[in-house]
Amino acid sequence: MPLNPQKALTNARLLDPATGLDVLGGLLVDGRTITDFGQGLFKDGTPDGAEVIDCGGHCLIPGLVDIRAHLGEPGHEQKETLATAGRAAAAGGVTSIVCLPDTEPAIDDMSGVEFVARRARKLGLAKVYPYAAVTKNLEGKELAELGMLADAGAVAFTDALNPIADAQLMRRALSYAKTFGLLIAQHPEEPSLSKGSSMNAGETATRLGLVGNPAEAEVIMVERDIRIVELTGGRLHFAHLSTAAAINAVRLAKARGLAITCDTAPPYFALNEMAVGDYRTFAKLSPPLRAEADRQAVIEGLKDGTIDAVASDHLPQDEESKRLPFAEAAPGGVGIQSLLAITLELYHNGHMDLITALDLITRKSAELMALPAGRLSKGAAADLTLIDPNRGWKISEKTLVSKSKNSPFDGRPVQGQALMTVVDGRIIHDVLNIEVR
Amino acid sequence: MNTDACAPDDDALAYRRRHLLGIEGLSPVEITTLLDRSESYVEQNRQVDKKKTVLRGRTIINLFFEDSTRTRTSFELAGKRLGGDVINMSVSNSSVKKGETLVDTSMTLNAMHPDVLVVRHPQSGAVKLLSEKVNCAVINGGDGAHEHPTQALLDALTIRRRLGHLDGLTVAICGDILHSRVARSNIHLLNTMGTRVRLIAPETLLPTDIERMGAEVFHDMKQGLEDVDIVMMLRLQRERMRGNFFPSIREYFHFFGLDYEKLSAAKEHALIMHPGPMNRGVEIDSEVADDFGRSVIREQVEMGVAVRMAALEILTQNLDDPELRTV
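Protein sequences, first through last, are from chains A and L. Just so you know, my numbering puts 81 at position 81 of the first sequence, and the rest follows in order with no gaps. Just so you know, my numbering puts 1222 at position 222 of the second sequence, and the rest follows in order with no gaps.
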């Protein structure tokens, strides 16, 4: 076997959201990179010695880019490891992950950034790019060494599920980050309003006797931070927006030309607070699942571009953390493996066309974090996913690869699956055993 | 709604559930069944010989994760009067925090083959979670701010015995609705039985969208009490309050404490109820609480034992129903 065998991916529907390309054709991989692709690429046959992979007419797209996931390592290995998350990502067609720094210890120094990057490289599954903490130990008090962390490989900065609550600290963080052109990501929630809460405030919370987290807790922080962006000229990204009011605030801020971006996660456009039902702790998320009107506003925000991208918000929790009274249960849901299928609901339900839906989890998410990923281009790393957008499967304990099974979509039949996932020219996931020599 | 008591075997058929976890979702027939059965025990409890044997051989565990004297005692008496073996287990929060989870505790107790678990827990939903892990019947003795079904039933029984029916009446529930499982269970029960529900409280003690559960909201006692048949006061749960729900006890009593002046808006013979324990001079004036003619607070306690006897009896009968065996 030659050192860098060529792979000829034939009979593929090439879909590249970045360019709008949508043709039947082929793609040639040489070693780790894409060397050529297009309609009729192999019309005169595939190169001698190349491995030929017949894609069976399925969609060949850039590997998915997930810009928000908790990967468990170091410190929470009982919930997830880089290996188990990597396999879940592969099964979900994800080839690049930006992981959160709320590990133990927190990723707030260079060794943490390097540890994660090195471990992930060794595994050879999805590529992992760490976020680093904005403040030391995510405590919201002292700034972490943002500049040196960026040099070590941190792609952006966030205190994960801890909002940066102190306005002066946020001001300093944005100003200082501006010095180096760094991006801060905020979990927008006014903590004094959400304290003690376990689900969205409203009739359901009242009926269940649970303390509610009002939608206002999100928009208040978003509006405050927009002002601080104006004050500092920094770049700010809002993670997992869940409410109509917050999305509208971002819409207006963008119209004013501020350097503000945001994402949301699949639960916020595919579920609402009713999913909590009778104290289903798998539906306990942070931010909480909101009202139906909010869910619809999230879809509108995705359609009109106010929301830039969709991230999985993958947050594994073991049984011990979820089999508790609702208020005591840990928030979060696994999502990396279902990112594609739930995002494709936007397409299947007629909200947007296929390529626009895919854009939200490829090119646009990569651009937000300035990652070299998310598009089909010659010379780029061969990070690819072959998908069947219609193939049905059911999200369940049985199908989920992640070490933890706490999906808010547990039991949901979905459409859209990654058939094959390729990272740097290596096949790391292959449902159909379609590889042919 | 006051129907004649059915034969015991029919009651088990009318309330075909393994557990009593809440009032929400119960039908008028189910509620009436429970009330009718309770009614039959009121008289018996007034006799010298109060003891029956329907629970002979049955084990009831009172599992209380939260302090309680009256509810626990009431269940204990109810179980013993029916001839059952009653064990009280108080699990303070601190020992739970030593490691054993609620699910572990339930599985441990389940292995001892109790027939009924009566559970009180400070967290909403905890009793339901526990009920999913055990083979016995479970009675919710109060979970967080969610439900306290036997309290609502004993309140309904008290009203029904005094006024003859529940439908068409108007009840004002006053005070700390926010933290109250009693209020929620009562709202469900009274709505189901055709009783109009009013809530009177400062805005800070009303949970979001509470009116959607079927209640009219008032912020003024005299307006809210206008022409009501029953005034149901709630205990101000100061132990659950962190933060400024109101400025002072003095101000609270001034606007929301029940005294004769405010009570004058209600119907002349309006009943005064309170689930206890009372904070005299906080939510209720002593004079009103002790008004022999109108306050039915002690009667509520009496009805409590009868209601719990009925619940224990029906649930243990249902234990033998093969269709209810697996949850």
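If you're looking for bench data, these hints aren't it; they were derived computationally from the structure. Do not rely on the hints blindly, as some may be mistaken.
Unchecked claim - In the DSS-like style, the derived pairs of lysine-lysine whose C-alpha atoms are separated by at most 25 Å in a straight line are:
id, chain 1, residue 1, chain 2, residue 2
1, A, K136, A, K178
2, A, K403, L, K1052
3, L, K1080, L, K1052
4, L, K1080, A, K398
5, L, K1051, L, K1080
6, A, K403, A, K122
To be verified - Covered stretches of chain A, going by a simulated chain L footprint (3 or more residues, C-beta under 8 Å):
id, segment
7, 155-162
8, 324-336
What the hints assert, rightly or not - If you anchor each label on the Cβ, the simulated ranges turn out as follows:
id, chain 1, residue 1, chain 2, residue 2, range
9, L, R1242, A, D166, 53 to 63 Å
10, L, D1049, A, S396, 42 to 52 Å
11, A, E300, L, Y1260, 22 to 32 Å
12, L, N1244, A, E104, 56 to 66 Å
13, A, E216, L, E1132, 26 to 36 Å
14, L, T1204, A, E104, 19 to 29 Å
15, A, D166, L, E1287, 26 to 36 Å
16, A, P413, L, K1050, 16 to 26 Å
17, A, D430, L, T1204, 23 to 33 Å
Since the structure is predicted, the reported quantities are computational estimates derived from the model, not experimental observations. By construction, the Cβ of each residue, glycine as well, lies at the ideal position given by its N, Cα and C atoms.
Hint-by-hint comparison with the structure:
1. A:K136 with A:K178: 19 Å, holds
2. A:K403 with L:K1052: 54 Å, violated
3. L:K1080 with L:K1052: 9 Å, holds
4. L:K1080 with A:K398: Not satisfied, since the Cα-Cα distance of roughly 47 Å exceeds 25 Å.
5. L:K1051 with L:K1080: Roughly 8 Å separates the two Cα atoms, so the pair holds.
6. A:K403 with A:K122: Distance of about 19 Å is within 25 Å: holds.
7. 155-162: violated (count 0)
8. 324-336: It holds, with 5 qualifying residues against the three required.
9. L:R1242 with A:D166: 53 to 63 Å: 22 Å, violated
10. L:D1049 with A:S396: 42 to 52 Å: Cβ of D1049 (chain L) to Cβ of S396 (chain A): about 57 Å, so the range 42 to 52 Å is violated.
11. A:E300 with L:Y1260: 22 to 32 Å: Violated - the Cβ-Cβ distance for E300 (chain A) and Y1260 (chain L), about 56 Å, lies outside 22 to 32 Å.
12. L:N1244 with A:E104: 56 to 66 Å: This hint is violated: roughly 36 Å between Cβ atoms.
13. A:E216 with L:E1132: 26 to 36 Å: 34 Å, holds
14. L:T1204 with A:E104: 19 to 29 Å: About 38 Å separates the Cβ atoms of T1204 (chain L) and E104 (chain A), which means 19 to 29 Å is violated.
15. A:D166 with L:E1287: 26 to 36 Å: Check failed, 51 Å falls outside 26 to 36 Å.
16. A:P413 with L:K1050: 16 to 26 Å: Distance hint for P413 (chain A), K1050 (chain L) is violated at roughly 57 Å.
17. A:D430 with L:T1204: 23 to 33 Å: Roughly 59 Å apart at Cβ, these two residues miss the hinted range, so it is violated.
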